[in-house]
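Residue numbers (the numbering used here), protein chains in the order written: chain G, 1 to 527; chain U, 1 to 527.
No wet-lab data here; the hints were simulated from the structure. Accuracy of the hints is not assured; some may be wrong.
You can't tell identical chains apart in this list, so a pair holds if it fits in one copy or across any two.
[What the hints assert, rightly or not] Okay, derived cross-link-like pairs now, SDA-like style, lysine to any residue, Cα gap no bigger than 25 Å in a straight line: (1) LYS311 with LEU502; (2) LYS232 with GLU504; (3) LYS232 with GLN442; (4) LYS138 with GLU504; (5) LYS117 with ASN522; (6) LYS201 with GLN288; (7) LYS232 with ASN385; (8) LYS117 with GLY427; (9) LYS232 with ASN210; (10) LYS232 with SER407; (11) LYS138 with GLY296; (12) LYS349 with GLU417; (13) LYS232 with ARG254; (14) LYS507 with ASP132; (15) LYS517 with VAL136; (16) LYS349 with GLU280; (17) LYS507 with GLU257; (18) LYS517 with ARG486; (19) LYS517 with GLN415; (20) LYS517 with LEU12; (21) LYS232 with LEU12.
2 protein chains.
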Amino acid sequence: MITGKNYIGEQLEGSGEVTFRTFNPTSNTENETLFIEASASEIDQSVELAWRAFEQYRTFSGLRKAAFLNAIADEIMNLGDELIETYCLESGLPPGRAAGERGRTVFQLRSFADLVKEGSWVEASIDTALPDREPVPKPDLRKMLIPLGPVVVFGASNFPLAYSTAGGDTAAALAAGCPVVVKSHPMHAGTGELVASAIVKAARQTGMPNGVFSNLNSSGIEVGVQLVSHPKVKAVGFTGSIQGGRALLDLAARREEPIPVFAEMGSVNPVVLLPGALKERGEDLSRQYAGSVTLGTGQFCTNPGLLLGIKGEELDRFVQDLAGAMVEIEPSIMLHPNIVGAYERNKQKAMSQEGLSVVAELTRDVPANFARQAVTTVEGSTFLNNTALHQEVFGPFTMVVQCDNASQLEEVVSQLEGQLTGTVIAGQDELSGYAGLVEALQNRVGRIIYNGVPTGVEVCPSMVHGGPYPASTDSRFTAVGTYSIRRWARPFSYQDWPDEILPEELKNDNPLGIERKINNVNTREGI
Amino acid sequence: MITGKNYIGEQLEGSGEVTFRTFNPTSNTENETLFIEASASEIDQSVELAWRAFEQYRTFSGLRKAAFLNAIADEIMNLGDELIETYCLESGLPPGRAAGERGRTVFQLRSFADLVKEGSWVEASIDTALPDREPVPKPDLRKMLIPLGPVVVFGASNFPLAYSTAGGDTAAALAAGCPVVVKSHPMHAGTGELVASAIVKAARQTGMPNGVFSNLNSSGIEVGVQLVSHPKVKAVGFTGSIQGGRALLDLAARREEPIPVFAEMGSVNPVVLLPGALKERGEDLSRQYAGSVTLGTGQFCTNPGLLLGIKGEELDRFVQDLAGAMVEIEPSIMLHPNIVGAYERNKQKAMSQEGLSVVAELTRDVPANFARQAVTTVEGSTFLNNTALHQEVFGPFTMVVQCDNASQLEEVVSQLEGQLTGTVIAGQDELSGYAGLVEALQNRVGRIIYNGVPTGVEVCPSMVHGGPYPASTDSRFTAVGTYSIRRWARPFSYQDWPDEILPEELKNDNPLGIERKINNVNTREGI
Chain G
1 MITGKNYIGE QLEGSGEVTF RTFNPTSNTE NETLFIEASA SEIDQSVELA
51 WRAFEQYRTF SGLRKAAFLN AIADEIMNLG DELIETYCLE SGLPPGRAAG
101 ERGRTVFQLR SFADLVKEGS WVEASIDTAL PDREPVPKPD LRKMLIPLGP
151 VVVFGASNFP LAYSTAGGDT AAALAAGCPV VVKSHPMHAG TGELVASAIV
201 KAARQTGMPN GVFSNLNSSG IEVGVQLVSH PKVKAVGFTG SIQGGRALLD
251 LAARREEPIP VFAEMGSVNP VVLLPGALKE RGEDLSRQYA GSVTLGTGQF
301 CTNPGLLLGI KGEELDRFVQ DLAGAMVEIE PSIMLHPNIV GAYERNKQKA
351 MSQEGLSVVA ELTRDVPANF ARQAVTTVEG STFLNNTALH QEVFGPFTMV
401 VQCDNASQLE EVVSQLEGQL TGTVIAGQDE LSGYAGLVEA LQNRVGRIIY
451 NGVPTGVEVC PSMVHGGPYP ASTDSRFTAV GTYSIRRWAR PFSYQDWPDE
501 ILPEELKNDN PLGIERKINN VNTREGI
Chain U
1 MITGKNYIGE QLEGSGEVTF RTFNPTSNTE NETLFIEASA SEIDQSVELA
51 WRAFEQYRTF SGLRKAAFLN AIADEIMNLG DELIETYCLE SGLPPGRAAG
101 ERGRTVFQLR SFADLVKEGS WVEASIDTAL PDREPVPKPD LRKMLIPLGP
151 VVVFGASNFP LAYSTAGGDT AAALAAGCPV VVKSHPMHAG TGELVASAIV
201 KAARQTGMPN GVFSNLNSSG IEVGVQLVSH PKVKAVGFTG SIQGGRALLD
251 LAARREEPIP VFAEMGSVNP VVLLPGALKE RGEDLSRQYA GSVTLGTGQF
301 CTNPGLLLGI KGEELDRFVQ DLAGAMVEIE PSIMLHPNIV GAYERNKQKA
351 MSQEGLSVVA ELTRDVPANF ARQAVTTVEG STFLNNTALH QEVFGPFTMV
401 VQCDNASQLE EVVSQLEGQL TGTVIAGQDE LSGYAGLVEA LQNRVGRIIY
451 NGVPTGVEVC PSMVHGGPYP ASTDSRFTAV GTYSIRRWAR PFSYQDWPDE
501 ILPEELKNDN PLGIERKINN VNTREGI
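Just chain G, with the same shape it has in the complex:
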């Protein structure tokens, strides 16, 4: 059922000349299917189709878009075991993780279906006319969110389902009314094609225009560059490295018409361990954090790569406990030889920095593509003076920064680059003594966690998965949760527009029964 071809709208095409295979890290061999990278004309065709599909799709009701999104979820489930098996063959991740991620993907699709079916997400706002106002009459103004146009989505390496072909970016864009062209991630092109087949099937079933979705294979950067440069592409979603995200941002900024790029990129997710907490439950914390650092072989964007504390007996003991707990954990496999390679290189680079001590490192032989976890530690002043120590090491690695005192700790936090998350671990009534620290942390992150771990990103309206650069390219948006639909929509005003041709969302009698702001008061009533 996996053909290795591209979905150019509904059609499977493979006229290109570049081919590649995916890799099974468990068996350490290439998988069978030969994938054909999309050709220049196929790329152009996919965008032209998306552009034409946009003309219709942008006008579809929330009900119709919801039917499409729910059908995608159904068809993904209908892929059954083939999807789970392909996922595992292309990622080395276990079937349980595959099923869990599939559940998350389906949940996201259904959440967006619910959102657009209900309809209030368009933030309808009406200011009625005041014909007698002096010196000039006030016109009738009505505003709502409308879709931007075709969106290009770059699949993530570390979430073959939830942040790839039918992942959060795609679900949000389709919900907003934007056709999507996916640049499939080369590490799991088969998983991508299967999911794409589900989307195409769902599109046909629910009467969506051809071109509302395309899926393009690529092994290098050319497909992505051509897509982001295409004048009919109106926005870009990306999950991956800082280097990759920044390259796309730069490319989009150089276009004749610059377009928004939302890239969710690297983060070391600092965790502040306050002394009282370490005293109360240092050993528990060391076990909890050993688990969080090595969860999924450290391949989460919210992996806690930086632990910050104040020098003292408690912190010393925590470091030793953490080291002990970390090496006891069984090593596990990474997604791809390139990812293990980068992990080992970046780990060595970090460990070679002056002043960094290795507290624990698994050094024994491990099977091919397994990662060897490590814990390191460094003085606060050393960390402050060497930004190389601030870089993410993607994998089961963490660094404990030992600060001289609370004020140095606050300085370290305020000097950090932008982060997806920040965590504070505090003892009973301890947090109130660290108001400055908390504010400094808040200034650097998109989400702040109290007495927990940053791994685990809930899909709900109150989630922010983003943050100041380089956690994301635009901190005003989020990649996770229904609020992420805002990335792909723009406000639009109708002035004195006749009721009969206004969109349903803005008609006087509110036929959709959505929540609207009328003359600055929220209501579901009509006018």
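Mind docking chain U on chain G? Use the hints.
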């Protein structure tokens, strides 16, 4: 009272070496005050002060920020006649316009004061915990908008008050909790300094931290470049030319940490004149549009510079009527010799394009700095093939595009660059026959107007003053109306955060009584 110096926070400073004077277009002479451009160290100081002020200002309640904004409005009114006189001396605009624009500025400040006093603008959202959820407990998540950090605002040439020192960008940024550094517009530096003095006075009165506002003089591009490049500046607001806005966008994109730039730039504001409307009331429309094109000497960003119709008797008659009405209008003064110069150059450039006919042009002698209005016309096919004809001619100039038929009209509309506004003038029941045209127009603009004129931009929640590039640099935001506060704020999540240290907006019992989304239901109730 006008010193020619810069406000570096509360302090008047003038250590720089570059000086300049503003110009009175009416008397065609320079005004008296010598303005001192901000020096490199003053620029740096202003941003450092803003950065420190942000630490406090970001935590201030809506009530405190509202008091500050209202005090600014009061102090602007307290400037009395000196402000009106300075405004007129520096712009050539009449006192009535000055007073009107002052009213708009004060109204904007008070609108934002009301917005933050009420408090619901932060879009508080709460998803409560589900400790028993399987397979893992759901944490408590609470989200709200928080300010980005120091914002640099570039004053506009054509609105010395409403889109300059204490204009829409500044009011929105201060309301959001962001300190502001204004790069004052050199054409009205005196007006800017007066307004800055009002802001500084208001800041002192209401206990705002020093550095919450600074005002920097500049005659060239250096001050702006240094400001936008400063690592502690977190966003930029701009109103002006495409060239200027794009230069800032490019500069911000090249920073180590890219920052958002909202630039509201040029627009020709297409107006579609449908045949039925021209038949019903062509003569009235010609008078109405002659007035709109020449209003304020055509110096509005919503000036209708492009009129689109379908060839025929009615359009011929309209063009003749418009030509007649335009030349009967008394010519009027522009803001500055440079602006008149650019107008005459751009007008000549447009008129020299092949296939363009001049239908009417005021050619008689006019006083210094007065503009000579013009009406031109061109065939649809000529317009489609020459993008030079799509450029804005800032001033009392318009071009009538005569299309062969409805389908060419739709093509012309769909080929337009992004626009702030689009207007459709239709006869009784005529609009329903042009659904494709209306959709094409909607795709190119931020606001669509029915049977009106684009000039006149209402300040209210349902206004969108922005649009696809190059109308603005990011169509997902607006420059006018309270919704414009979104440009300067980002969503932020608290996970499992203790109630007692949550911000008021997110505490269980909702002490501010704001509208919140709790488990996806809007309510003002507590938890």
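Earlier hints that do not hold, by number: Failing hints, ascending: 1, 2, 6, 8, 16, 17, 19 and 20.
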